[in-house]
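Asker: For reference, the chains in residue letters:
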Amino acid sequence: MSIWQYANPKKFMDTTGPLLPWIGGASLLCIVTGLVWGFFFTPDDYRQGSTVKIIYLHVPSALMAINAWFMMLVASLIWLIRRHHVSALAAKAAAPVGATMTVIALLTGAIWGQPMWGTWWAWDPRLTSFLVLFLFYLGYMALWGAIENDDTAADLTSILCLVGSVFAVLSRYAVNFWNQGLHQGASLSLDKEENVADVFYYPLLVSIAGFVLLFIFLVFLGTHTEIRARRMRALLARERMV
Amino acid sequence: MIALLMRDLRLAVRAGGGFGLGLAFFLIVVVLVPFGVGPESGLLSRIAPGVLWIGALLACLLSLDRIFALDWEDGSLDLLATAPVPLEGIVSMKALAHWLTTGLPLVLAAPALGVLLSLPQEGYVWLVASLAVGTPALSVIGTFGAALTVGIKRGGLLLSLLVLPLYVPTLIFGAEVARRGAEGFEVMTPLLMLGGITFGTLALLPFASAAVLRINLR
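So the protein sequences, as listed, match chains A and B. Residue numbering for the first sequence follows the working numbering, starting at 1 and increasing by one per position. Residue numbering for the second sequence follows the working numbering, starting at 1 and increasing by one per position.
Next up, chain A with everything else stripped away, as it sits in the complex:
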């Protein structure tokens, strides 16, 4: 038994197929619980008022926007090294999800920033690097779309993902140097003391779990779609041969 047996498309489909509704349902449950809890059953912050509640959308989506790229990086490496097609297709399926998360994070950030900072947008390091990350997602998806041969597309986008990761990190530090920002530092972390009060923290955790599950659900769904599309193309090609 090893994890690599799930690289077989059939095995992957058979295992994740029955799980899909459960993951989707759990994700829906978590997001609804987290948002309802956060929106209606937590007190207003004493300085920020009720605007603080957008945190339940902003933080999870921002988290997933970065982790989606990280997942694409790992999947690309697996594709380049071990040539498992499922891995390449998972990376392809993750890109639009990650891009959407980036947009959600940017939009909710703008909506939160307007009452708090008095501006929709500032050229703050975090905001700027997210915008750059969004551009990377766009380029990655455009390259997938532009190449006809599937394997070539997977190879090229994987290398773009590797190079892009280096430059994304570089941009992150470059903009840090360039402008000091309005955005606060990290408030959540695994090892340090939290800067978020418990009342807000627990619904936030539920909401983050919901977003993680949602991401897994969407990536699995997208990968299934890609595999089916490939099978269909193979069948059509075989039919034409006969």
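Simulated from the structure, these hints should not be mistaken for lab results. Heads up, some of the hints might be wrong.
Which bits of chain B does chain A cover? Going by a derived footprint, with three or more residues having C-beta under 8 Å, they are [as the list claims (entries may be wrong)]:
{"hint": "1", "region": "98-106"}
{"hint": "2", "region": "146-157"}
{"hint": "3", "region": "166-172"}
{"hint": "4", "region": "203-213"}
Here a beta-carbon is modelled for each residue, glycine too, at the ideal position from N, C-alpha and C.
For this one, chain A is given, so just place chain B on it according to the hints.
Answerer: Frame of chain A; chain B shown alone:
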């Protein structure tokens, strides 16, 4: 490799190579800026370093798709790939040829255009220095983008979308050197960072470009 470099330089300089196009584009971008923001010289001298850097970057971008496209079309790229020289070396030479025909003229022309934008006196040295250090990185990164999109018909727009985000760190540090130089601040930190980016890309990206080319030629 030297022969390849000379060949690329000759092809670029002779008619139809588009040697002067990048330079002319640079000139036009810089000339258009005052029409856009107004001719007030205080404002112009403040934004001059940034405008010159963005102009140089766009002019560089304009000529990227020529790096591989013609060789790809007539099949000489396949010949080069089977030559005894490693593909990494060929890619580096292509980048060098691109820099010599696009980047270097931009560096040399920048002070003249700085006059048009009333760049402060102290800024010229650092503007030229930052461009001289930064434009090789632009060429190398651009070669990677050109190698990625070489097989795609009408890949020019896609090429810009892929390459411009990669240009962000170079632009930030390059423009920062020029700006600080113009305002008389200390410039060493961003200049060293810019040099680091240039040398880092010079050392690593040819491998990525060569890998991408091999995939495209498969």
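Asker: Each of the hints needs a verdict: does it hold here or not?
Answerer: How the hints compare with the structure:
1. Beta-carbon proximity to chain A at under 8 Å applies to 0 residues in the region 98-106 of chain B; the threshold of 3 is not reached and the given coverage is violated.
2. With 5 residues carrying a beta carbon less than 8 Å from a beta carbon of chain A, the region 146-157 of chain B meets the three-residue requirement, and the given coverage holds.
3. A count of 4 residues in the region 166-172 of chain B with a Cβ less than 8 Å from any Cβ of chain A is obtained; the coverage claim is therefore met, three being the minimum.
4. Coverage of the region 203-213 of chain B by chain A holds in this model, with 4 residues showing a Cβ closer than 8 Å to a Cβ of that chain against a need of three.
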